[in-house]
Structures are given as structure tokens and as C-alpha cells.
Amino acid sequence: MADTKKNKKESPAKKVVKVEGVPQSFSPKKEEEKKQARIGVLICHCGTNIAGSIDIKALEEYTKTLPNVAFVDNYQYVCSTPGQKKITDAIAQHNLTGTVVAACSPRLHEPTFRTATKEGGLNPFRFEMANIREQNSWVHMHDGEGATEKAKDAVRIAVAKASLLEDLIPKSVLVEKAAMVVGAGVAGMQAALDLANAGIKTYLIETLPTIGGRMSQLDKTFPTLDCSQCILTPKMVDVGRAPNIELMTYTEVDAVEGYIGNFDVTLRKKASGVLSMAQAEAMGISGGGCNGCGDCEPVCPVIKPNDFEMGMKPRKAIYISHPQVVPLLYTIDFDSCVKCGLCVTVCGDKKAIDLEMKDEFVKVKVGTVVLALGFELFPIEKKEEWGYKRFENVITSLEFERLICASGPTGGHLVRPSDGKTPKKVAFILCAGSRDNTGIGKPYCSRFCCMYSLKHAHQIIEKIPGVQPYIFYMDIRSFGKMYEEFYYRIQDEGTKFIRGRVSHILEDPATKNLMVHSDDTLLDQPFRLEADLVVLATAVQPSVDTDRTRKLFGVSCSMDGWLLEAHPKLNPCGTTTAGVFLAGVCQGPKDIPDTVASAEGAASAASIPIHMGEVELEPYFAQCIEEKCAGCGMCVNLCPYKALALIEKEGRTVMEVTEAKCKGCGTCGGFCPGGAIWMQHFATPQIIGQIDAFLLGGAQ
Amino acid sequence: MAEEWKPKIMGIICNWCSYAGADLAGSARTQYPPDIRIIRVMCTGRVDPLFILKAFTDGADGVLVSGCHFGDCHYLEGNFKGAKRMFLVKSLLKNIGLEHKRLRMTFVSASEGAKWAKVVEDVVKTVHELGPSPIKELSK
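Protein chains in written order, with the numbering used here: chain W, 1 to 700; chain Z, 701 to 840.
What the hints contain is simulated information worked out from the structure, not anything from laboratory work. Incorrect hints may have been included.
What the hints assert, rightly or not - Result set (DSSO-like, lysine-lysine): computed pairs, CA atoms no more than 30 angstroms apart in a straight line:
{"no.": "1", "chain 1": "Z", "residue 1": "K815", "chain 2": "W", "residue 2": "K569"}
{"no.": "2", "chain 1": "Z", "residue 1": "K790", "chain 2": "Z", "residue 2": "K836"}
{"no.": "3", "chain 1": "W", "residue 1": "K382", "chain 2": "Z", "residue 2": "K815"}
{"no.": "4", "chain 1": "W", "residue 1": "K642", "chain 2": "W", "residue 2": "K363"}
{"no.": "5", "chain 1": "Z", "residue 1": "K790", "chain 2": "W", "residue 2": "K442"}
{"no.": "6", "chain 1": "W", "residue 1": "K628", "chain 2": "Z", "residue 2": "K825"}
{"no.": "7", "chain 1": "W", "residue 1": "K57", "chain 2": "Z", "residue 2": "K790"}
{"no.": "8", "chain 1": "W", "residue 1": "K661", "chain 2": "Z", "residue 2": "K784"}
{"no.": "9", "chain 1": "W", "residue 1": "K389", "chain 2": "W", "residue 2": "K269"}
{"no.": "10", "chain 1": "Z", "residue 1": "K794", "chain 2": "W", "residue 2": "K551"}
{"no.": "11", "chain 1": "W", "residue 1": "K64", "chain 2": "Z", "residue 2": "K815"}
{"no.": "12", "chain 1": "W", "residue 1": "K442", "chain 2": "Z", "residue 2": "K706"}
{"no.": "13", "chain 1": "Z", "residue 1": "K706", "chain 2": "W", "residue 2": "K551"}
{"no.": "14", "chain 1": "W", "residue 1": "K220", "chain 2": "W", "residue 2": "K496"}
{"no.": "15", "chain 1": "Z", "residue 1": "K784", "chain 2": "W", "residue 2": "K642"}
{"no.": "16", "chain 1": "W", "residue 1": "K270", "chain 2": "W", "residue 2": "K171"}
{"no.": "17", "chain 1": "Z", "residue 1": "K784", "chain 2": "Z", "residue 2": "K836"}
{"no.": "18", "chain 1": "Z", "residue 1": "K818", "chain 2": "W", "residue 2": "K551"}
{"no.": "19", "chain 1": "W", "residue 1": "K313", "chain 2": "W", "residue 2": "K424"}
{"no.": "20", "chain 1": "W", "residue 1": "K382", "chain 2": "W", "residue 2": "K304"}
{"no.": "21", "chain 1": "Z", "residue 1": "K706", "chain 2": "W", "residue 2": "K64"}
{"no.": "22", "chain 1": "W", "residue 1": "K421", "chain 2": "W", "residue 2": "K442"}
{"no.": "23", "chain 1": "W", "residue 1": "K569", "chain 2": "Z", "residue 2": "K790"}
{"no.": "24", "chain 1": "Z", "residue 1": "K784", "chain 2": "W", "residue 2": "K628"}
What the hints assert, rightly or not - Beyond 10 angstroms from chain Z on every Cβ pair, some chain W residues (computed):
{"no.": "25", "residue": "N136"}
{"no.": "26", "residue": "E297"}
{"no.": "27", "residue": "Y483"}
{"no.": "28", "residue": "E530"}
To be verified - Coverage of chain Z stretches by chain W, computed from C-beta distances (three or more under 8 angstroms per stretch; other residues unrestricted):
{"no.": "29", "segment": "713-723"}
{"no.": "30", "segment": "746-758"}
{"no.": "31", "segment": "770-783"}
{"no.": "32", "segment": "804-813"}
For each residue, glycine too, the CB sits at the ideal point set by N, CA and C.
Using the sequences and the hints given, assemble the complete structure.
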């Protein structure tokens, strides 16, 4: 430890170390160069965003006193064209070696000012940013003095780093001309179709045996009342047919390696027990493989609930979840299969069934990835006061969709689960688990429940003569195109709206009718209703596999579990992992039009790097200072990307970095006991320089 | 006198979670005390124990290291490795007789702007309670 400290104090940057095979960018600066550091500083007012709390004049005067500062100026908006020109011009006029802009967050405008620095003739990595807005003026709005002091320190720290920065050359990598879409609901299908139509080979991965997702479970869509299946199945068929789409159903992402342009994804093809015709052909069974005839299903002795029908219809251990599945292939649920072999016998010469099938692992290489992981319903039984799973006649909205759907378990006849009778009084409870700050439900608005509940009310009025729907709501959020008009239409049709949150529901044990207790907040009086059926417009949450999958791709999530976009306004499809994009509800609740729009956006974003053909990686790689490396190999084990290895060189064991694998986290550099790892752009002398500048430096 | 003392607190925070969280606190205009100065690194795995010791020898009154939540690291597990080192540094601080509470590691995600403000408030409060670092006096 002590040794390390000494070494670093002597500032290892003073020595020029020649390392073979390492680009010009890696050679810590020479002594004379270092003395000549001339830094230009531009201070941004950002209108009153910064100038409102920070004394720009005092900051500018202070900056002039700092070592290495050759030029200081301020401007209203440095990110504007004239502002950027100030940087570009100053570099030539004042013979600068580095630039600093004190403005917003580097996460916002670092690329802008790097470009300006480059245009001025300097290496773009000789730019450093001082964040005096997001982490200063905006959070110390009422403490001008404290904010100004903090800004002085921030500028001093930035100048210290800028004085020590070196030229870096971004590494260009080729982009694999293939993309992957994970999740084949309407978002995933749309994204895959767009990518495929743009001429990109696309792998579409779906964990279930069929594509279609949640939308294929719906009966009608609001506000147009299109039949959901009718508009979706053509898309499903297109996906199945598109020559550029390789559809991989019943498949999960198992592992991900690599980076933008070169993701190596390992997929686990779950054993489905059934061979497709292509697979059978490949195995030499001519004319064999599953053709979807369905002969196997009747002979199977195992009965299980069908998840597609929300468990309201049985299926066998060998099954398709509904008649329109794509691909039309039966699947064996090996968790319940008893391997009696009856299906094998009845399948006969087609030899499509293999009861001994095992999971298979496949590796594919893609340039970019779109995540379309979808959603599931919040387990509404947790809100015990509404009695879901305790009372038979309390159902969720997705169960309602299946019951009202002509291809559903009841052939489209809405019935009470308790006795099969047609309900005459139906209560729809909105915000069931959404907008719920009790800690049990979800604090957010699930966004589409208002509209589909209006549609539900319309559907029962259309189908059941004499029915009376009641909608219990907090607010009706009908914000989309033609949505408000649809709301008026439902009001005119006779649906009763009660503005109030249902406190609890009780069941009459004899009739199984439900007493719904609420408040009518518009009349300011209690409201009680005896209903035949209660439909809970249940909150949505990220699908069960979202958390595991997002971690594989290094994507963050917000506090509620939805995946985090790169910028909520300006980059809603991107993520902080370059080359990974988000489509549909996995980023946050969306109705179908918004989902499709977001999928098209994600597909377009994902196609850009592929069409560009190559992308630049930020050159924050680790480099080995071989003179200091003792070859202990501790860094090799620390690297999560297997980017480091020990090699023999000139009779010594030293570490070597494979730049393409290094992502620049610096975990190796943070631990090297000999200080032999040079983290480009975050090198030890640069960080120590910042620490010293903060605590010791400046005209204090 | 005591009221006028402004602690010097250094924050080394990761680019992907805590720095983004701190930016979010900014966009949300969540107010917190201005007594911290931030150095950005790509990952808390980059934080060499040397940086923290250097800060204390330079006279810092407190150091905050903040990264992603476990399992959420942009680089898979850099924050684990960073956190492990913090235990090492804390035990070193104890050995030389410096209050280990002057060093704090926290986990603030990119969506936790409010938490970031709270963390800074907490750290500033702790350092105020501990008073100026004795190292500065000793090195005079």
C-alpha cells in the first residue's frame, strides 16, 4: 500500500513508456508538454438557469487566477452556435492545449463541446466539463454564495483534469449486420418487421411457444373497436413469413457478451418436444415434422389450465395455446408430461415428437438489440378488500377479455364464473392497484385501463340486452386521438359513472352477488351497489423475466421496475448501454398505438448503427504500463469481460489488454497494487490531480 | 467560529447510476446542501483506495463513494469490487485513528434523485457532527 502511494505521488505520468502494439494515444505526456498546458474556460449562463444562482462575474475573475488558465470567457448559451464558435476560435487564438466548459451535465452536452474542441483543431478528449447546473445551481437555488463557491471548486477541479488530459483516438468497430428483438408481442413484431424490411437480418426471440403477446389475448381495441386478432394475425403471419426474420419461439436469452456492433448472445432453446418440419428434414425424416394437425392433443391424458385463456380453459400437456398460433407447432409442457408415449404413437410416420428432447444452446452475433419485454398484470389479490380469488365473481380485465372474446372459453358469452349465468349488473373498478400510494399497489397510472373499461362497458351493452354497467373511477383519462369522443359515446349509451374509490366488496354467500361499497364523491354520499359481476381494471407491471433480461444487457430500471430510457424526453427508445433499445410497455405503460410507435422508433434507432457499418467506441480502455507490471495477475481475475490476460514478453510476465473487450470500467485500475494500469481518460494522475486541486489547489 | 466552518467533502461517483441520479435531483430542483464536490468516474470499481487516502491526507473532512445498486452495475460487478475495497479502507482509517464514518459508500440509482439529495444531506450532517478532520491540524 505504502509503496503504491509513493509511486503515485511521484506522478507516473512523467515517464514515457513505450509499449508495443499500443496506439499513439497511450503515452503519458512528456514533462515539457505538461508545463505548457494552456486551458481555455468558458462559463455558461444558461439564461438564468445558472446565472440566477451563481455569480458568473466572480466565477470568471476567480478562474483567471487558476494555474494553466490561458483564456476565460462567459456566454449566455455556450451550447448555441455562437457559443461553440467561441470555443473553436479560442483554441487557435490562445494556442490552447485543452478546454473546459462550466455549464450543464456532461451527460447532456459533453459530445457537443467535444465536437467544438475537435473543430478548433484539438483532440476532442482534451475537453473537460464542470457541472455547475444539474449538480449546482439547480440544487442550491437559494444559496447563491454556497453555489458560487462550489462552482469555483468545480472549475478548479475541471481545469486540473484538463491540464492532464491526453490525446485519445476512439476505436472504430465494425457493426454486425444483424439485429435481435427480444419479445414478440406487438412491439417486438413491429420492430422486427421494420428491421427486416430495412434489409437487416433479425432474430426475434420469444419465451412463449407463440408470438402475439398480450394483444392476441384481447377481443376488441379502443376506440375504433377493431377486432384485435383480426388486425394482429396478419402481422403475425408476416413475421412468420419474412425471409429476413429468424423467429425463435420458446427461447430465452441466456447470456450476453460484447458491445455495440458485436453482441454475442447465447440463447437457450427450451425443449419443446416437437420437431418442426425443417428440423425433421435436417434430421433426415423426409416429410416429417409437426404440421399442426393436432392428432396428438386428444390422446394426451394430462389436463392443465391454459395460461393464454387466463386458466379458464383446459389444455393438454401437448398443446397449442390458441388456434392462430405462429408458428403452428405443438409444444410439450415437460413439467406436466408423464411420457406415456401416446402422442408419439398417434403422430406416426411424421415422427415429430421427441420425448427425450433437451434444451439447446445457440450463439448468435448481432449488432444491435431491441428489448420488447412487455408486461403482466399486478397480482390484484394483494388488494384483499376487493376479494379477487376469494370471490368467484370478481375477475380481472384480462379474464374479461377472454370471456367476451368469440374464440375464448365461453365462445364470447360473458358469464358469471360462479353459476354460468349472464350478469345484468356489472361493476368496473378502475385504478385497481394503480395510482395506489398505500404501498401495496403501484403509484403510477397504468394508462390504458380507463379506455379499455369504457370499451368493456360498450361491449356488454352491445351483447347483453338489459345489462347495466357501472364504472367506479377516480378520473377518466381519455387523452388519445378520438378517445374523449369515445368517452362521450359510452356515457350516451347509458353506462353509469360513479366517481369514487371502492373501499371494499362483500359477497352474498347464497347468491354469490357482490356488494360494492364506495363513495360517490360528486354527491358526497356513500354509494352501495349489488353487482352480479365485478371487473377489476388491474394495474400492470413489468413481465416476470424483465429484471433478469435487463441485467444481461446492462440496462437500468426506474424505481417501479420499468426499463430506464437514455433520456425521458429526447431519447425515449435508447438506453445507457450503446446498441440496446427499448420498445413498447417494458419502458412504461403504453396503449397499442403508442406501443407500435415506440417499436418503430426503436427499430429505426437500432438500424442506424447497422447501416452506418461502423461505430466509434469511447477510448476509455485500460493500458498496461509494462515497466511497473509485476505480472501478479490480480487484475485478470477482476475483469468482468475477460479483457485482460498475462503474457510472456522479453522474459517477463506482464498483463495485456484486448481493447475490443475492455469497456473501461477501471476495476482493474482501481486495484493494481503496483499502479501499473493506466485507465485512459480516468488515469490515476488525472484523478489525483482533481483531488489535489479540490483540497489543496487554487488561490485559497 | 464553529458555524463558519465549511466542511470539505469529496464525492467520487459513478457515471451511470449516482451521477445520473445527481443530475436527476438537479432537473427535479431537489435542494440539498452545497458542501460536496464531485469527481466523476465510470464505475466505483475504479476507486483506488489511494484516492480516498489521498483525499484524507489532503485534508478532506469526508469522502462519499456512490455507485449503482448491487446487481445493477453497468459493468456487471464493479460496484461489488469497489464496495469490498471500502471495507478495507474503513479498517485502515480505524487503525490510524480517524473516524471511519468520514468515509461512506452509498448506492443511488439513476432514477433516485430524491435519494441522492438525502444521501448528501446525511453525509454533510455526519461530517458536521464529527467536526474538522484532525489530519489537517496534524499536518500543519
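Going down the list of hints, with the structure as the test:
1. Z:K815 - W:K569: Holds. K815 of chain Z to K569 of chain W sits at ~22 angstroms (cutoff 30 angstroms).
2. Z:K790 - Z:K836: Within the cut-off at roughly 19 angstroms; holds.
3. W:K382 - Z:K815: holds, 27 angstroms
4. W:K642 - W:K363: holds, 18 angstroms
5. Z:K790 - W:K442: Judged against 30 angstroms, a Cα distance of about 39 angstroms means the pair is violated.
6. W:K628 - Z:K825: violated, 42 angstroms
7. W:K57 - Z:K790: violated, 41 angstroms
8. W:K661 - Z:K784: holds, 24 angstroms
9. W:K389 - W:K269: violated, 34 angstroms
10. Z:K794 - W:K551: violated, 36 angstroms
11. W:K64 - Z:K815: violated, 36 angstroms
12. W:K442 - Z:K706: violated, 41 angstroms
13. Z:K706 - W:K551: violated, 41 angstroms
14. W:K220 - W:K496: With a Cα-Cα distance of about 21 angstroms, the restraint between K220 of chain W and K496 of chain W holds, given a limit of 30 angstroms.
15. Z:K784 - W:K642: holds, 20 angstroms
16. W:K270 - W:K171: Since the Cα atoms of K270 of chain W and K171 of chain W sit roughly 38 angstroms apart, the hinted pair is violated (cutoff 30 angstroms).
17. Z:K784 - Z:K836: holds, 27 angstroms
18. Z:K818 - W:K551: The given pair, whose Cα atoms are some 26 angstroms apart, holds under the 30 angstroms limit.
19. W:K313 - W:K424: Holds - the C-alpha atoms of K424 of chain W and K313 of chain W are around 24 angstroms apart, at most 30 angstroms.
20. W:K382 - W:K304: Status holds; Cα separation ~25 angstroms.
21. Z:K706 - W:K64: With a Cα-Cα distance of about 24 angstroms, the restraint between K706 of chain Z and K64 of chain W holds, given a limit of 30 angstroms.
22. W:K421 - W:K442: violated, 33 angstroms
23. W:K569 - Z:K790: Violated. K569 of chain W to K790 of chain Z sits at ~41 angstroms, over the 30 angstroms cutoff.
24. Z:K784 - W:K628: holds, 25 angstroms
25. N136: Contrary to the label, N136 of chain W does not stay out of reach of chain Z, its closest Cβ about 7 angstroms off (not over 10 angstroms).
26. E297: The claim holds: E297 of chain W sits with its nearest Cβ about 42 angstroms from chain Z, beyond 10 angstroms.
27. Y483: holds, 29 angstroms
28. E530: At about 44 angstroms from chain Z, E530 of chain W clears the 10 angstroms cut-off, so the statement holds.
29. 713-723: Contact hint for the segment 713-723 of chain Z vs chain W: holds, 7 residues under 8 angstroms.
30. 746-758: holds (count 10)
31. 770-783: Held - the segment 770-783 of chain Z has 9 residues with a Cβ nearer than 8 angstroms to chain W, which meets the minimum of three.
32. 804-813: holds (count 4)
Checked against the numbered hints listed earlier, the structure breaks hints 5, 6, 7, 9, 10, 11, 12, 13, 16, 22, 23, 25; every other hint is satisfied.
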